[in-house]
Amino acid sequence: MMRSVAVEGRTVKMPDAGEVALIRKVQLGDPDAFRELMDKYQRRTYWIAFHMLNNYDTAREISQEAFIRVFRNIARFDVKKNFYTWLYQICVNLCIDRMRKVSHGKTVDIDGLGGLADPGRKDPADQEERAETRRRVHQLLDRLPPKYKAVLTLRDINGFSCEEISEIVGCTNATVRWRLHRARRLFRALWEGKGVEVADDADVSDSF
Amino acid sequence: MGCEETLDLLPLFVGGDLPRDKAGSLAGHVAGCPPCARELILYRESRAGLLSLRAEEAPEGTFGALRAVVDRELFPRHRPRSGVSWPDEVLRHAAVLMVGLAIGVGGYGVLRRPSPAPVATAERPSVRAELVGSVPGRAVGRVFFPELSAPLPPIAPEHRFYLPKVDVIPAGGERDF
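Chains as they are written, first to last, in the working numbering: chain A, 22 to 229; chain B, 6 to 182.
Any given hint could be a false lead.
Said to hold, decoys possible - Ranges between beta-carbon positions, derived for each pair:
#, chain 1, residue 1, chain 2, residue 2, range
1, B, Ala-70, A, Lys-102, 25 to 33 Å
2, B, Glu-10, A, Leu-49, 49 to 57 Å
3, B, Val-101, A, Gly-50, 45 to 53 Å
Stated by the list, open to error - Here are the simulated lysine-lysine pairs, DSSO-like style, with alpha carbons at most 30 Å apart:
#, chain 1, residue 1, chain 2, residue 2
4, A, Lys-215, B, Lys-27
5, A, Lys-168, A, Lys-215
6, B, Lys-27, A, Lys-168
Unchecked claim - Negatives, chain B to chain A, calculated, CB over 12 Å:
#, residue
7, Pro-40
8, Asp-93
9, Val-101
10, His-164
Keep in mind that the hints were calculated from the coordinates and are not lab data.
These figures come from a predicted structure and were not determined experimentally.
Glycine included, every Cβ here is placed at the ideal spot set by N, Cα and C.
Let's have the full structure, built from the sequences with the hints guiding it.
The structure is reproduced here in structure tokens:
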């Protein structure tokens, strides 16, 4: 359970005593404490990776790598900071590295998306329509530069606040809002089928 | 707030990322400006597409496999707790040890059991004495004794067969016979 604390006008989630104790156990090498941490965060980590990479297997590999890196470096982790933003930062950085290595077209898991039907909706036509929408969204997201894609998926799909995203991606709140503004405009243009030039341009921090 | 500023802020407004005061004035402008309202609808449609990804489901077994790989990589010799308490573990190991010990002792006993010595007529002095006394040759009747081909050693007095002395002690006191 996280508790929210107002820091310099921002609302930031801080770790509670239970999680701090758990992290301290992991720092002493307790495997069961680490498994407990994994149980708590593995789903979110996996979905962050999946929404950035659009491939089930790659998302699982990235999540595994993120947890392995966390365990191997947890001795250096400051328990006063948020564990989850540190974990997600490692995950996002791994995703961005992977996206830069692999061309966009190769990351689209078209076959895998066929199995994404919502089990609550029985109508096959409706399921197919939803699957088609998701497929299209993934294809459009794959056309965005990694830093825009990271901010857009973290905010709109995974539901993190701009403050949390600034911790995860390691930049200022103003930069996050600038990237978010730019990413939503780009995505909307792609959504409408407009030919837009998507360049990984420099950040501009303004009044956002 | 004018149209230009509204169109510039719509990407943040659509996700609820504008400060309350700016969001309020933007909403006021959009309510009375059909072109800006149309732009807002288009932003909302594209954002709805993004939100549709929230309903995805991972393939079955994804998280079990994820955890198993991390477990194997980080703790190759450590088994996760499976609800078995440590006294049960100790008893289980002790039982295995006892079974192993029993098998070992039993096997050792079987291997160390002395095999029955072959019956050698020549090593039985009383029989030998009888044979020598009655048939001083190589054959006794129709039975051949190859060990009798060599001359036998002399029989030691302590190996000779005597009837044991029998001392009769009468019960109930001495009695003359």
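Against the structure, the hints:
no. : hint                             : result
1   : B:Ala-70 x A:Lys-102: 25 to 33 Å : 30 Å, holds
2   : B:Glu-10 x A:Leu-49: 49 to 57 Å  : 55 Å, holds
3   : B:Val-101 x A:Gly-50: 45 to 53 Å : 28 Å, violated
4   : A:Lys-215 x B:Lys-27             : 29 Å, holds
5   : A:Lys-168 x A:Lys-215            : 21 Å, holds
6   : B:Lys-27 x A:Lys-168             : 26 Å, holds
7   : Pro-40                           : 15 Å, holds
8   : Asp-93                           : 17 Å, holds
9   : Val-101                          : 24 Å, holds
10  : His-164                          : 78 Å, holds
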